[in-house]
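Number of protein chains: 2
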Amino acid sequence: MSGFFTSRWVQRPDHVAETAGLPAGFRAAGVACGIKESGASDLGLLVCDEPQATSAARFTRSGVVAAPVLVCQERCDLAGLRAVVANSGNANAATGRRGLDAAAKMQGAAAIAAGVQESLVAVASTGVIGVQLPAEKAVGGLARAAGALSAQGDEDFAEAIRTTDAFAKRAALEVTLPSGTVRLAGQAKGAGMISPGFATLLCFVQTDARLSAETADLLLGVTVKRSFERISVDGQLSTNDTVILMASGASGVHVEPETPDELALGEALDALLRQLALLVVADGEGAARVGRVVVSGGHDLHVEHAARAVANSPLIKTALHGGDPNWGRIVQAVGMALPGTAPLPLDVHIEGVQVCSGGAVVPYDPQALDAAVAGPEVEYVVGLPGDGAETEVFFSDLGHRYIEINAEYTT
Amino acid sequence: MSGFFTSRWVQRPDHVAETAGLPAGFRAAGVACGIKESGASDLGLLVCDEPQATSAARFTRSGVVAAPVLVCQERCDLAGLRAVVANSGNANAATGRRGLDAAAKMQGAAAIAAGVQESLVAVASTGVIGVQLPAEKAVGGLARAAGALSAQGDEDFAEAIRTTDAFAKRAALEVTLPSGTVRLAGQAKGAGMISPGFATLLCFVQTDARLSAETADLLLGVTVKRSFERISVDGQLSTNDTVILMASGASGVHVEPETPDELALGEALDALLRQLALLVVADGEGAARVGRVVVSGGHDLHVEHAARAVANSPLIKTALHGGDPNWGRIVQAVGMALPGTAPLPLDVHIEGVQVCSGGAVVPYDPQALDAAVAGPEVEYVVGLPGDGAETEVFFSDLGHRYIEINAEYTT
Numbered sequence: 001m002s003g004f005f006t007s008r009w010v011q012r013p014d015h016v017a018e019t020a021g022l023p024a025g026f027r028a029a030g031v032a033c034g035i036k037e038s039g040a041s042d043l044g045l046l047v048c049d050e051p052q053a054t055s056a057a058r059f060t061r062s063g064v065v066a067a068p069v070l071v072c073q074e075r076c077d078l079a080g081l082r083a084v085v086a087n088s089g090n091a092n093a094a095t096g097r098r099g100l101d102a103a104a105k106m107q108g109a110a111a112i113a114a115g116v117q118e119s120l121v122a123v124a125s126t127g128v129i130g131v132q133l134p135a136e137k138a139v140g141g142l143a144r145a146a147g148a149l150s151a152q153g154d155e156d157f158a159e160a161i162r163t164t165d166a167f168a169k170r171a172a173l174e175v176t177l178p179s180g181t182v183r184l185a186g187q188a189k190g191a192g193m194i195s196p197g198f199a200t201l202l203c204f205v206q207t208d209a210r211l212s213a214e215t216a217d218l219l220l221g222v223t224v225k226r227s228f229e230r231i232s233v234d235g236q237l238s239t240n241d242t243v244i245l246m247a248s249g250a251s252g253v254h255v256e257p258e259t260p261d262e263l264a265l266g267e268a269l270d271a272l273l274r275q276l277a278l279l280v281v282a283d284g285e286g287a288a289r290v291g292r293v294v295v296s297g298g299h300d301l302h303v304e305h306a307a308r309a310v311a312n313s314p315l316i317k318t319a320l321h322g323g324d325p326n327w328g329r330i331v332q333a334v335g336m337a338l339p340g341t342a343p344l345p346l347d348v349h350i351e352g353v354q355v356c357s358g359g360a361v362v363p364y365d366p367q368a369l370d371a372a373v374a375g376p377e378v379e380y381v382v383g384l385p386g387d388g389a390e391t392e393v394f395f396s397d398l399g400h401r402y403i404e405i406n407a408e409y410t411t
Numbered sequence: 001m002s003g004f005f006t007s008r009w010v011q012r013p014d015h016v017a018e019t020a021g022l023p024a025g026f027r028a029a030g031v032a033c034g035i036k037e038s039g040a041s042d043l044g045l046l047v048c049d050e051p052q053a054t055s056a057a058r059f060t061r062s063g064v065v066a067a068p069v070l071v072c073q074e075r076c077d078l079a080g081l082r083a084v085v086a087n088s089g090n091a092n093a094a095t096g097r098r099g100l101d102a103a104a105k106m107q108g109a110a111a112i113a114a115g116v117q118e119s120l121v122a123v124a125s126t127g128v129i130g131v132q133l134p135a136e137k138a139v140g141g142l143a144r145a146a147g148a149l150s151a152q153g154d155e156d157f158a159e160a161i162r163t164t165d166a167f168a169k170r171a172a173l174e175v176t177l178p179s180g181t182v183r184l185a186g187q188a189k190g191a192g193m194i195s196p197g198f199a200t201l202l203c204f205v206q207t208d209a210r211l212s213a214e215t216a217d218l219l220l221g222v223t224v225k226r227s228f229e230r231i232s233v234d235g236q237l238s239t240n241d242t243v244i245l246m247a248s249g250a251s252g253v254h255v256e257p258e259t260p261d262e263l264a265l266g267e268a269l270d271a272l273l274r275q276l277a278l279l280v281v282a283d284g285e286g287a288a289r290v291g292r293v294v295v296s297g298g299h300d301l302h303v304e305h306a307a308r309a310v311a312n313s314p315l316i317k318t319a320l321h322g323g324d325p326n327w328g329r330i331v332q333a334v335g336m337a338l339p340g341t342a343p344l345p346l347d348v349h350i351e352g353v354q355v356c357s358g359g360a361v362v363p364y365d366p367q368a369l370d371a372a373v374a375g376p377e378v379e380y381v382v383g384l385p386g387d388g389a390e391t392e393v394f395f396s397d398l399g400h401r402y403i404e405i406n407a408e409y410t411t
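Chain order of the listed sequences is A and B.
Mapping of the first sequence onto my numbering: position 19 corresponds to residue 19, and the numbering continues sequentially without gaps.
Mapping of the second sequence onto my numbering: position 214 corresponds to residue 214, and the numbering continues sequentially without gaps.
The hints are simulated quantities; they were obtained by calculation from the structure and are not laboratory data.
Since we're looking at a predicted model, the values are computed, not measured.
From the three backbone atoms N, C-alpha and C, an ideal C-beta is built for every residue, glycine too.
Everything hinted at is true.
Below, a sample of chain A positions facing chain B; criterion: calculated Cβ distance under 7 Å:
#, residue
1, VAL64
2, ALA94
3, GLY130
4, VAL331
5, GLN332
6, GLY335
7, LEU338
8, CYS356
9, ALA360
Take a look, some chain A residues computed to stay more than 10 Å from chain B by CB distance:
#, residue
10, VAL116
11, GLU136
12, GLY147
13, GLU214
14, GLY266
15, ASP300
16, GLU377
Covered stretches of chain B, as calculated for chain A (at least 3 residues, CB under 8 Å):
#, stretch
17, 56-69
18, 93-106
19, 348-361
20, 388-401
Please model the complete structure; the sequences and the hints are all you need to start from.
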């Protein structure tokens, strides 16, 4: 049971076990259609065979939104999606009317391939911004993808949505609810251009539980807030972020609002999305270590600004990379986030070692601190005056590989 | 006349010429007092010998403020400063009451060394945060610095305030005003922890013009807004930022409010501070290229947020480093800065090559674009809908050397 839940910051709920393959009612495939010049897999198709499927979705809040996001928002029934077509290698963003046409062509071809109405097909893209998407390649690939659809296709589908990801991010879970057993699967991509909303991220989640669209929306909203909205690789919100939850109902297990079933499914979804989010951070371009900053005290806006400032500080991220407990940079970042509050009597603990009390350095064992920041996960706890608010952000370090990936390639 | 004004973004005014040494009435020195373990120069003393001197100052807006900043703000007559003591190698920040005592000791010892009242001595520090400052070393160094004071001491003084700076940043100018000739000199430090307010920056400016304190404050406020407040190395506001303008009056040239003299002196000060700010950016830790983003249209808050988002994006900074014209990242950063405005019909030009019109890619010559981003200074122009507002931010690229400096050393 070690497999998927690898972070100490996510607990596998007792009623959740790992399994393989997609939940009942879903099939998926991934193929290479030629959008990526490397010839790697770049087109995924996901289909739900149950006509009564429900769904919910969340998208980037950027002012610059990719064509596939606009197509989803303007031309889809987001509460009843039956299919997803997703490509990597091209974001189809900043592509104007031609980009919208290309996204619509992908949607139309996927509707034929899946045998469902166009308005029930979501479109997602990830890759370089500002280059026209060769829709004909996607259309050609979809015919082959349709022939390859399988209940075990989640691995190929997850593969097809990777860009700079060093590894695919997916899980298949069996969830024991009071009313019966359901399955839950998720596939995510994301490594760079990850932040404040919920990341340059595509994430698709399937369950065979039967949910109302309202329940799907509620569960997705709450769990996205606790997962993809709490991570940062580089503080960069993408034009293409898309998270879609689809429920086939094929298990026959009804999950009604405000029941123990809903709670138990929510816990499983929460653990799934948090671990997927942590995998995105761990795979942050060039990342070697993951940090977690917890800020408490003050009020909601203060803790949010302080936590984001720490998570996005290149000084803290490089120190995390180097295993350097340079906690003065924590103090600096929090001070920057809260202008006009000086002198701010903040407390700082790193992995339980207190280094700062009431705004001033306290005696600490430097060797213990060095050891504390040498592990793969490092926790920073910041206390602000007052109490009542608390938040966390997970973040990757910043190392040479990020520079290599982003300075030397057009991604 | 090539020497100091090296950026195409700053014009040397016709009435400004380069010279050497401090303006009349000033002496300075720099010594090694042992705060830096390397034994490098780390303590600077600047003295104005004119009892009627006037001055103005600006400080960081961080919620976490270093002890020397608190001492300046709470115990100094900032309109009549006669001396500055500045150390590098230790920021004296997050050091609590002991840190305040150390800063006060430096102030007291500098007052004796300079022969002026304590309240007329500004204190400034830069270096590592969260380590107690060995005040006795500074006190010991001040006796030697007092003996070394000289009208040509600006070079040693500028040397003493360097931390990770690759080169000293200073200028000595002769300024021809309608009413006579005055001199103007400035010494700055800053390479990392540089942003939104006006940078981890120490900058000291001297003139022998006779100014009222109100005029000094007005001129400094306006020119800091156009220089140090428009730069970013890493988006990180420091705990120690300090800019001080001192006017000895020793030239006998009175600069009265709202006169051509004031305008001409203001132009010279503006050029001096802008070029010093650009040197700080050019010396951004590991920087190889300097970018300028100009955003126009919309309203003030929109252009400010968009310009900061571009200047602080690690994706854009790494692309600038690699000479990669990856303009999709400009579009992404602007979209992130202006959530909820989609679809945003923005225009993007890079070095005059238009790549995006109305939010969508336009045909361009990729070779011309590659050539445009290969130089030492790259200009990005972003047009938002509407007009009326415009701003600029200068920023450094992000390369391996930044990672090396910040991951491998406690700075």
